[in-house]
Amino acid sequence: MSSDNRKVLVVFGATGVQGGSVSKAILSDPDASRQFKVRAITRDPSKPAALALAHQGAEVVKASLDKKEEVYAALQGAYAVYLVTNMEAFDYAAETRQAKLVADVAKLDIKHLIWSSLPHISQITDGKLTGAVHWDGKAVVDDYIRSLAIPHTIINIGVYTPFIVDFFLAPLSTDPPAFSLPLPEPANINTVLPVVDAAADVGKFVKGILLRPEETIGKRLDIAEGYYTAKEIVETLNKLGRSVVFQTLPKETFKAALASRGLPEFFQEDLCQVLQYIEEYGYFHNGTVEKAREVLPCHSLVENDVMLILYREQIASEPLISLEEALRSRLELVNLGDK
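The sequence shown begins at 1 in UniProt numbering and counts up one residue at a time.
Hint data in this document are derived by calculation from the structure and do not stem from the laboratory. Keep in mind the model is a prediction, meaning the values are calculated, not measured. Take these hints with a grain of salt, some might be off.
[Said to hold, decoys possible] Cross-link-like lysine to aspartate or glutamate pairs, in silico, DMTMM-like; alpha carbons within 20 Å at most:
| hint | residue 1 | residue 2 |
| --- | --- | --- |
| 1 | Lys68 | Asp31 |
| 2 | Lys68 | Asp126 |
| 3 | Lys219 | Glu269 |
| 4 | Lys128 | Glu290 |
| 5 | Lys107 | Asp166 |
| 6 | Lys231 | Asp166 |
| 7 | Lys100 | Asp66 |
| 8 | Lys255 | Glu232 |
| 9 | Lys231 | Glu269 |
[As the list claims (entries may be wrong)] Derived DEER-like restraints, expressed as beta-carbon distance ranges:
| hint | residue 1 | residue 2 | range |
| --- | --- | --- | --- |
| 10 | Gly262 | Ser64 | 24 to 30 Å |
| 11 | Glu280 | Asp143 | 39 to 45 Å |
| 12 | Glu280 | Arg34 | 44 to 50 Å |
| 13 | Thr130 | Glu252 | 32 to 38 Å |
| 14 | Asp143 | Glu235 | 35 to 41 Å |
| 15 | Val334 | Ala149 | 41 to 47 Å |
| 16 | Arg146 | Glu280 | 24 to 30 Å |
| 17 | Ile189 | Ser28 | 36 to 42 Å |
| 18 | Glu235 | Phe266 | 16 to 22 Å |
| 19 | Glu70 | Glu332 | 19 to 25 Å |
Glycine included, every Cβ here is placed at the ideal spot set by N, Cα and C.
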């Protein structure tokens, strides 16, 4: 009976967008899956996404980020952890608490903690913008992880491309179908957004981070496929056959639109301040996506029984999903009407 000597990678949120991408990237890559065993953490191992991961070879473990004993058990014998917290409950204090709990346990023996964070808006703006609690709630964990001296990599991820379709597009008419892409002042048609198809591409970056610890431990990497203005996004949507115009709205009008969708007041203010920060300071502030691209895996080709490595400066073996491709896929999935 052979023993499994692979390093255990614990993936929190394994059935979600980011965690699912990380799990898939490792499980589907022969080289990475020889080195790492995925331990997929979920609150419900019976859900279809969890069963699919088990079928692909992951060890699926039930655990709650609110229960220390379950987190401790989930991390037993692990080499690395991918940690992302869930914002969908709009409980940002809980996200901070949960992330710190994992960090406390990870300090015991984890060799590489990869934490999915966001820029610290209140700190970057010197207290000008203090209502972006979603971002700040994650960012405060960065310093906590550093204080524990855990070998770590912090990643900041750009705007999910599908989020543009699912969240921002607003209907203007149904016959013919027409939409607007509204942003609150001071955001405007030239506001620059870094975008990424997170479900498809985050795992590619994380795989590179895991395979190159000597280059990535102690670093912060900003992840996106590219930078696009709101104008370029609207133009791409129109190129794909949708009738979309850009709108700059007064802040209160934008918040009222969010309220009509049942979103809580603090989140309305949160999102307005995030978009103001992006316009005035830049999404990643002083960061750059080029550094993160350096860890993307490279082509490995076999020719005449010789392994040839095409270095990342030449070509990446797993190209990122373009804005147009990601938008096209999402529009088709949600069946958003053609012109």
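Hints, verified against the model:
1. Lys68 / Asp31: 33 Å, violated
2. Lys68 / Asp126: With Cα atoms ~34 Å apart, Lys68 and Asp126 exceed 20 Å; violated.
3. Lys219 / Glu269: Distance of about 31 Å is beyond 20 Å: violated.
4. Lys128 / Glu290: Since the Cα atoms of Lys128 and Glu290 sit roughly 29 Å apart, the hinted pair is violated (cutoff 20 Å).
5. Lys107 / Asp166: Not satisfied, since the Cα-Cα distance of roughly 38 Å exceeds 20 Å.
6. Lys231 / Asp166: The given pair, whose Cα atoms are some 18 Å apart, holds under the 20 Å limit.
7. Lys100 / Asp66: At roughly 11 Å apart (the allowed maximum being 20 Å), Asp66 and Lys100 satisfy the hint.
8. Lys255 / Glu232: Given pair Lys255, Glu232 is violated - Cα atoms ~24 Å apart, limit 20 Å.
9. Lys231 / Glu269: 24 Å, violated
10. Gly262 / Ser64: 24 to 30 Å: Roughly 26 Å apart at Cβ, these two residues keep to the hinted range, so it holds.
11. Glu280 / Asp143: 39 to 45 Å: Since the Cβ atoms of Glu280 and Asp143 sit about 23 Å apart, the hinted range of 39 to 45 Å is violated.
12. Glu280 / Arg34: 44 to 50 Å: 46 Å, holds
13. Thr130 / Glu252: 32 to 38 Å: 19 Å, violated
14. Asp143 / Glu235: 35 to 41 Å: 40 Å, holds
15. Val334 / Ala149: 41 to 47 Å: The hinted range 41 to 47 Å holds for Val334 and Ala149, with Cβ atoms some 45 Å apart.
16. Arg146 / Glu280: 24 to 30 Å: 27 Å, holds
17. Ile189 / Ser28: 36 to 42 Å: 39 Å, holds
18. Glu235 / Phe266: 16 to 22 Å: 33 Å, violated
19. Glu70 / Glu332: 19 to 25 Å: Violated: the Cβ-Cβ distance is about 39 Å, outside 19 to 25 Å.
In the structure shown, a violation is registered for the earlier hints numbered 1, 2, 3, 4, 5, 8, 9, 11, 13, 18 and 19, in ascending order.
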